[in-house]
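Got chain V; can you put chain P on it based on the hints?
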Amino acid sequence: MDYYNEMYSGTKVREPYARLSEWVETMPADFRQMKQAEAEDLFRRIGITFAVYGEGGDPDRLIPFDMMPRVFDQNEWRRLERGIKQRARALNAFLRDVYGRGEIIRAGRIPGRLVYQNEAYEKAVVGVVPPRGVYSHIIGIDLVRTGKDEFFVLEDNCRTPSGVSYMLENREIMMRMFPQLFRQNRIEPVDQYPELLRRTLESVAPPKCKERPTCVILTPGHFNSAYYEHSFLANLMGVELVEGQDLFVDGEFVYMRTTQGPKRVDVIYRRIDDPYLDPLCFRPDSMLGVPGLMDVYRSGGVSICSAPGAGVADDKAIYTFVPDMVRFYLGEEPILKNVQTWTLWKEDDYKHVMANLPDLVVKEVHGSGGYGMLVGPKSTKEEIEVFRKKIEANPGNYIAQPTLALSTTPTFVDEGIAPRHVDLRPFCLCGDRIELVPGGLTRVALKEGSLVVNSSQGGGVKDTWVLSE
Amino acid sequence: MLSRTAANLFWMGRHLERADTAARLLDVGQRITLMPNTETGYQNEWNSLLQAAGTTDLFAQKYGDSTEENIQEFIFFDRDNPSSVAACLEKARESGRIVRTALTSQVWDALNLAYQELRKMERRQRSKLDAAALTDFTTSATSTVRGAINATQLRNDGWHFMNLGYGLERADATARLLDVKYYVLLPRIEFVGSGLDTYQWQVILRALSAHRAYHWAYGGDITAGRVADFLILNGESPRSLLTSLYEAVWNLEGLSRRYGDGVSSTARDKARETLAALQARDIDMIFDEGLHEFLSWFIGEIGAISTLVHEDYLLGGA
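Heads up: the sequence lines are chains V and P, in that order.
When we follow the UniProt record's numbering, the leftmost residue of the first sequence carries the number 1, and every step to the right adds one.
When we follow the UniProt record's numbering, the leftmost residue of the second sequence carries the number 1, and every step to the right adds one.
Isolated chain P, as found in the complex:
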């Protein structure tokens, strides 16, 4: 497969997942502002969102005030924000267009329709669009593409590249969403274990569409430890760091198997190593280490794996 084709499939997966994350972030923010105010007010919570997404400076330069309208515009529509839903969907569609020959018509169709729909939403008056509608649109559009990929794509190397993109991005995204929680908690550590704390964890579960799944897995109370465990170390949880990373490893192994010894597989080795390091931890160790510190380490590891994927496969051996 052409390296450029592989790169576009990889990034198509990443951008679709990233669009999904942006929409979910918006949802988290929206729900958090609905709860009783802490003394710093809701602006602080919106800022925590930007911090988690790593886009605080960009936002401040362009908008200044973190009002709900501004944040919504920035996270959903703004093409200057490379992580906005619109920017990501456009990039995913562009990648798809470039590799049309590597996609089934059903996948292209779903991708193209999502984009056309987005264009329609962009033309509508902002006051007529609420955050929930935007999130629903995004998660349903990206799920449709995902479903088309699962149902129709050949399970070849292209498939591995797409899913590798999904896996790495999802690992990164869950880590960042968890970090929102960290930033929200940061100013008032005494909230830990309070009703407010529980509410915030719930919000994150909801944003990940994982509320029901959490109850299936743990039943009963929502506690910080359990939710964190669910989102970090539970191998049954579809978006946990462990599951996402495991998928990345699985896809990298698929590539190594297909390509044989002639092709370097440093990305696979690194991903396996990170997976082992993750599996060696339990949730208490992570809290002792500091959730934020742990997440920073993890996000760094994902970045390193991505770089190695690039070096192993996407340069083409020239």
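So here's chain V without its partners, still in its complex pose:
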């Protein structure tokens, strides 16, 4: 397969990478090893130790950091940005609709079964419209590139996408280690993100909040693999990082326990999943949430970001319909493409997929993090047959996609510099405005030839640059 190399066009270095290329060429021999050690030391000391997509595992594990940045020019970025914002608008419109009148279903554009019987669909919030009609406030859209102008959306993460602390820390560390690179290149900053996030949260304060809203981040606790990110964001936003035990409901409001007694909380940026939010409403055995929280939410006493039930928009089965959502709600043509997807509960798709398993990527509808998937071209016959049995047992649980020719960017590896496959997760904020910082988290598959960028599968991260004019 031919892969698009983001740095080279034939043998010529593409313009956005020009200065970076000079930098690499003039680099002294042992410079790289030295800097790599320095970077790791910095990461370890700061304590950035978590699995990017909540994959669990050793909480003190470091994710490999690659010092070769990935570069986008203005034009590339502006187009991505428009596409992401468009998608974010459509996803929120979809959520408003399916918790309201369900027009897209009545219009026959999406089968009602996929929505109303979806695990992530929360009947408990039907008819409850969150402030400004925003359900998903932080959307992490995973993208891959296959050609100069070819970008595909892999996944829309509408619940609690993580990894943004990596975007910020990677930049921080790059700036500390290579100031000259930042002087030579005009790189758009990303460090306004925490400020934008705070403004976004404040802009969706509940109706009963009359003063400046008090925002908090709700974490499952310090054993969670993304705890570092939670505390990092709380720190930069200047808000409290709370656990369920710190909050309680009294009458119409939610309060946090402080040394000076109860303090009202207006907006909760939760980093725990729906089923754990409120033991009175969802899982009764959960200790992570706050008893009575949902009642306060429904009566407009508190905002929850993302709103309970937002997950129904980022399901892999719903994913196939996002371009339709863009057309249906916005009357626009989608700027970003979906990856062609076969849904195995459809007879024709099923037949096609079963006949072509060795060429396809098959994923569980609810799976995440590179688990429970089959990468046909990289699998043995035995592995394919084992997976075939799993699909036969429950076809509705799977979707399939063609193997994409993921673009590569130059990456430092043991042997020197080599192309490795990458994806991209920018973070889109939806409040009174829809905003996006120029950049995102680039994940890189460090193993030669690997297309799987998950950190659990040997993936690393790198800084993502957007060059200004």
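Hints listed in this document are in silico derivations from the structure and should not be mistaken for laboratory results.
Capping the alpha-carbon separation at 30 Å, the derived lysine-lysine pairs in DSSO-like fashion look like this:
#: 1; chain 1: V; residue 1: Lys351; chain 2: V; residue 2: Lys389
#: 2; chain 1: P; residue 1: Lys270; chain 2: V; residue 2: Lys263
#: 3; chain 1: P; residue 1: Lys120; chain 2: V; residue 2: Lys35
#: 4; chain 1: P; residue 1: Lys91; chain 2: V; residue 2: Lys263
Positioned in the frame of chain V, the structure of chain P alone reads:
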């Protein structure tokens, strides 16, 4: 401030100080065994250490024999012993990790480095580590954190909670160290005033890094009365019961001032009362009362103040 944040800052302070105490206890024990044997032998002295730390039963269940190696393992490395250096440092670091947002990066750095260093020591062969090295590591690691706190933390309520933890723990620890002396002396009361007695008091001073300070304060001979006075009632002595309690009161007053009348301050009232009771005594009264009896009373008072701190601030008024 979140009650949980305050609780973690409070306990971070306590655990750091507790780690320090454990290391110093080990040092006391080590030095005491170096002196000429009493007839019951050195095992008795090691046991006195455990008694003072309140961990005799736990140790007996797990190790049986109180050999030096066992005691060292138990007091320094054993995670099953909640007062061991390793357990305390780990808990302090865990508290710090939970309240990362309330710590300066320098404090976190110092705390984290101490923990990484501990992990390295844990992997080393025990026979290659002597008690002095363990004590030195601990006192220097905890001092570095302490220094970072003093140099970089904002003097706000969080600061008061951290230092309150330090103060109460230190008061408790000095009392317990003094109690070691009591247990050591218990079997042979006729040693009082002998050379051996003096040696033991010296050991305690050394363990508290207070040997030089003692001479500055009193000059000349080391006597039971003076050392006890130094460690209990001397307001210039940095680890004395009086100084430690005074610091606790000062921090509690800081909190009360900040928070105003809306927040109950029973802990401050109780601490003031204990301080006044302490100030009303002189060293002769304490010896008449019985050193051990006095120390038991004092340790009980510190426990009561801690409970009230919890009730005043750490429950969050729900």
